[in-house]
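One letter stands for each residue in the lines below.
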Amino acid sequence: MDQTELLNRCRQGDELAWEMLVRQQQGRVCAMIYSYLGDREETLDVAQEIFVRLYRKLDQCADAARFGPWLATIVRHACLDHLRLRKARPPRQDIPAAEMTSLAASGPTPEEQWYRTSRQRLVHRALQDLSEINREVILLKDIQGLPLEQVASVLEVPLGTVKSRVSRARIELARAIIALGGGPGGDGEATVPGAAS
Amino acid sequence: MTRLPDSDDRREDLVRSILDRTSGPACSRCLEMLPRLARDDLAGLDRTLVQAHLEHCDQCRAVAVVLGWLQGELPAMATIDPGEEFTTAVLTRTARLPSRAAAAGRLTGGAGLMDRLGNWWERQLRRPLFVWQVAYVLTVILVMLTTLPGAPLHGVPEQVRTSVQTAYVGVPLTEQVMQAADRRVKNLAGLMIDSTWGRLHRELVLRRANTIRVRGGLDDHMSRLWSDFHQGRSGQAVLQFVAIGRDLKRLWRAWWHPDLPFPEQVPERRPS
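Sequence order for the protein chains is H and X.
For the first sequence, this note's numbering assigns the number 82 to the initial residue and increments by one for each residue that follows.
For the second sequence, this note's numbering assigns the number -18 to the initial residue and increments by one for each residue that follows.
There's no promise every hint is true.
What the hints assert, rightly or not - Computed footprint of chain X on chain H; a stretch qualifies when at least three of its residues, placed anywhere within it, have a C-beta under 8 Å from a C-beta of chain X: (1) 90 to 102; (2) 129 to 141; (3) 201 to 209; (4) 220 to 232; (5) 246 to 255.
Hints were generated in silico from the structure; no laboratory data involved.
Keep in mind that this is a model prediction, so the values were computed, not measured.
Glycine is no exception: its CB is placed at the ideal position from the N, C-alpha and C atoms.
Isolated chain H (complex conformation):
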């Protein structure tokens, strides 16, 4: 279905169109939020809030072609607000360090089950070690596949900054993965790209 038509139907109050838009965008929205927050429950809560906000603000996005970056901007602001709130409030519960070891599960956590492969889980953990700007560049450019101009617009930084960051961010991510044991000797396969040609 054409995105412009879908958005128009949503604006007119068509519940079926809205349901389709939610189903279409929920995976992307949750993936973005999870990259910022790293917590499953918080991700679902914030995602709900974002969809409620989206429902109210749909009229503000007149151009369907701009819908992706517009939604990414809403998600980013919501996540940054949430992180600010999280910093300001105390931890949800205090568990003595001795009890923490007994609580730890041996298998993948529910969060980790969101990612299908062990490599994706490794990438997610490595992303948390990156600087904020590099993580956002990777998230928007390489994961969400936004063009550089739209990445710059969402991050509210000059285009040149994004261009110079893209390669550096990837290298930083690769190094973080290697530091976590995901290099050629670990989880990754030892094939150099382009080696065959």
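Position chain X relative to chain H; hints supplied.
Below, chain X without anything else, positioned relative to chain H:
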């Protein structure tokens, strides 16, 4: 027994020592080009040079390997499945919001206006500054009501200040309040004798009569509290304060449960 380095190792050491003394290691230059190699966007001499460097540099080779598989993994992380429960929760929440229907013209007239007003109010409540702005506006209104000449409460702060600075004059406070309320209700009841106001007036008169003794005691204790407080008798003031609490309890009981025995009739427990 130490193993002698083989010829490859020796050659590599030689290259490194030459690079260290001349241009420095080429890793940073290689890392600059690795993302392009991973995207298969590097050709010609650059590609040959980078691949030659990778053959001899374990660290750069590890980065190149990871960059290679990241090309496939990163786009696959663009979506995650939050589950059907999430979709249902979102649709349930947004179903309660009629703003889309109102905007589309489904809700018109009074319903649409109320809907828009409701949405506006909800938006205001969510704003962090809203509480401060309300406090500011209320302060301005209060100042205007009490300071502007001709304002309804003009001079009231001055009267309050004077009464606080001087002593408590012993005015039966509760009786004043009751009389003011009575006058208002009586006026309204005069307009609508048999209506709700009339019944309310009769009820008020009955309850006033029922609580007259308790209110007398309350006024007396408040007067004594004020006087003890001004004369610095803190111990006595505390006792009066406790007595006021007891009076308020009795007043509550006598006001809302007029059919129960009068509070004074209940024998008080005395310490043996």
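Cross-check of the supplied hints:
no., hint, in the structure
1, 90 to 102, "holds (count 7)"
2, 129 to 141, "holds (count 7)"
3, 201 to 209, "holds (count 3)"
4, 220 to 232, "holds (count 4)"
5, 246 to 255, "holds (count 6)"
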